[in-house]
Structure formats: C-alpha cells, structure tokens
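Student: All chains, full assembly: derive it from the sequences and hints.
Protein chains in written order, with the working numbering: chain A, 206 to 320; chain B, 408 to 518.
Source of the hints: derived by calculation from the structure; they are not laboratory data.
For glycine and all other residues, C-beta sits at the position ideal for the given N, C-alpha and C.
Take these hints with a grain of salt, some might be off.
Claimed, not checked - Listed next, the in silico BS3-like pairs over lysine-lysine satisfying Cα-Cα at most 30 angstroms (straight line):
#, chain 1, residue 1, chain 2, residue 2
1, A, Lys262, B, Lys513
2, A, Lys270, B, Lys464
3, A, Lys222, A, Lys270
4, B, Lys510, A, Lys262
5, B, Lys510, B, Lys464
6, A, Lys276, A, Lys262
7, A, Lys223, A, Lys276
8, B, Lys475, B, Lys510
Unchecked claim - So the derived label-pair ranges between C-beta atoms look like this:
#, chain 1, residue 1, chain 2, residue 2, range
9, B, Gly422, A, Pro266, 41 to 49 angstroms
10, A, Thr220, B, Asp459, 47 to 55 angstroms
11, B, Lys464, A, Asp264, 28 to 36 angstroms
12, B, Glu462, A, Thr220, 41 to 49 angstroms
13, B, Gln486, A, Thr220, 42 to 50 angstroms
14, B, Ser434, A, Gly268, 27 to 35 angstroms
15, A, Lys222, B, Gly465, 43 to 51 angstroms
16, B, Arg466, A, Thr218, 26 to 34 angstroms
17, A, Glu206, B, Arg466, 35 to 43 angstroms
18, B, Thr418, A, Pro313, 22 to 30 angstroms
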Amino acid sequence: EAQVTQNPRYLITVTGKKLTVTCSQNMNHEYMSWYRQDPGLGLRQIYYSMNVEVTDKGDVPEGYKVSRKEKRNFPLILESPSPNQTSLYFCASSSDSRGPYNEQFFGPGTRLTVL
Amino acid sequence: GQNIDQPTEMTATEGAIVQINCTYQTSGFNGLFWYQQHAGEAPTFLSYNVLDGLEEKGRFSSFLSRSKGYSYLLLKELQMKDSASYLCAPLSGAGSYQLTFGKGTKLSVIP
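Tutor: Pasting the structure below:
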C-alpha cells in the first residue's frame, strides 16, 4: 500500500531533550516536506527536500533540523525542544521534484507535547 | 508572503450545496490546491486548478479565476461525512515553488 508513515504518533517530552520524528514513504517520491499545524495558524512548512541531500528552509525552520540521506526517509530533528514546539506535525511527499506541484500525500501526523 | 483569505467556519444542511470561497495574492501564481482535513487526521487532496474555469469531480467542483485571485470549492448533495476543514493552498514561485496553506474553513453539516 502506497503510504507515508511517521513515528511516533504521539510523544510527550521535556524541554531540552533531543528527539527525532521519523518519516518514510514507499512511493519513490522525490519531494518531501515537514509541516506543523497549530490552531488558528493553519499548516506551516518547516523544511522541505527536493531530492537526496537537497534540503531547504520553509516558513518556520527555527529550532528544527532535517536530513535526507535516502530517498524514502526524511527525519525531523529537534535538538533542544521548547514548549512553543508543541504542535501537530505532518510529513508529506510528492512525485514532482520541482516541489509540491503535484498532489501531496500526508502521513498520519505526530502530536508532540513539550513540557 | 501569501495572504490567503477563506471563511473560518460554515454550516450547511445535509443534501444542500455549499460554496467555500478563497482569495489569494496573484503575484507569481502557478495554481491552486484544495485539501480536505477531517478532525485529527491528515489532509487529503481534493483538486488542483491551473487554468481559469470550473473543474468537476463527482460531488465536488473547484473554480479558479487567475486574474481576480479567487477560487471556490463547491460541494453538492452534502453528506454528514463532508463535515471537515477545507484548506485552500495557492502555489507560487518560479524554479523553487512555494505552497502556502490557508487557515482552513471548518464546515459543519447538520441533519
């Protein structure tokens, strides 16, 4: 089944404790992206990747890191999480390497709480 | 950046027709997506308009006017399962494309 998977789905952590949210897609998509969704603010892009080893900042990259060592994986790293990073996070992928020119397929989401 | 305007909430009756409007800035515009998002779930693709006019896909239709910076999503024969948020997302840029999501319109379908 074609899908985007994220792990963990739910996470409660404390300020400053490094964490990684994994994202994997099995559709051989070149474009991958991370979003956060907050009430009243909508979906905002954190980072995106056009291909392996090619990543770039989105609208709200501060406090986050990403890597794209393999085509299928695009982990999101929070080196020192803070309470303002409490949010619902979505990973997405698209078949068009130019960017989100095609339909994006979203993962199920990761609900992160930072205490 | 993009300034996207869509109503925050709408309510409609089962079986009726509802139109959700979206306005956006036209600078660098390439096309416009509509996504559906049920509460607590991931967004799912509904439509993508590049050219002016109406595109119909079953009970859902999407309209675009590039010159006016205006789009709408039309939902016919509303069903309870259509209760969800509808996200308008214009695509802009050249070479490096930027997709910006609106804050969404929460549609409640009532019996």
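Student: The structure should be examined with respect to each hint, and the outcome stated for every one.
Tutor: Status of each hint after checking the structure:
1. Lys262/A - Lys513/B: 29 angstroms, holds
2. Lys270/A - Lys464/B: Distance ~39 angstroms between Lys270/A and Lys464/B Cα, so the pair is violated.
3. Lys222/A - Lys270/A: The given pair, whose Cα atoms are some 14 angstroms apart, holds under the 30 angstroms limit.
4. Lys510/B - Lys262/A: Given that 30 angstroms is the threshold and the Cα spacing comes to 20 angstroms, the pair holds.
5. Lys510/B - Lys464/B: At roughly 24 angstroms apart (the allowed maximum being 30 angstroms), Lys464/B and Lys510/B satisfy the hint.
6. Lys276/A - Lys262/A: 18 angstroms, holds
7. Lys223/A - Lys276/A: OK: Lys223/A and Lys276/A at ~24 angstroms, within 30 angstroms.
8. Lys475/B - Lys510/B: 20 angstroms, holds
9. Gly422/B - Pro266/A: 41 to 49 angstroms: 45 angstroms, holds
10. Thr220/A - Asp459/B: 47 to 55 angstroms: Since the Cβ atoms of Thr220/A and Asp459/B sit about 50 angstroms apart, the hinted range of 47 to 55 angstroms holds.
11. Lys464/B - Asp264/A: 28 to 36 angstroms: About 29 angstroms separates the Cβ atoms of Lys464/B and Asp264/A, which means 28 to 36 angstroms holds.
12. Glu462/B - Thr220/A: 41 to 49 angstroms: 47 angstroms, holds
13. Gln486/B - Thr220/A: 42 to 50 angstroms: 44 angstroms, holds
14. Ser434/B - Gly268/A: 27 to 35 angstroms: 29 angstroms, holds
15. Lys222/A - Gly465/B: 43 to 51 angstroms: 47 angstroms, holds
16. Arg466/B - Thr218/A: 26 to 34 angstroms: Given a distance of about 42 angstroms, which is not inside 26 to 34 angstroms, the answer is violated.
17. Glu206/A - Arg466/B: 35 to 43 angstroms: 25 angstroms, violated
18. Thr418/B - Pro313/A: 22 to 30 angstroms: 28 angstroms, holds
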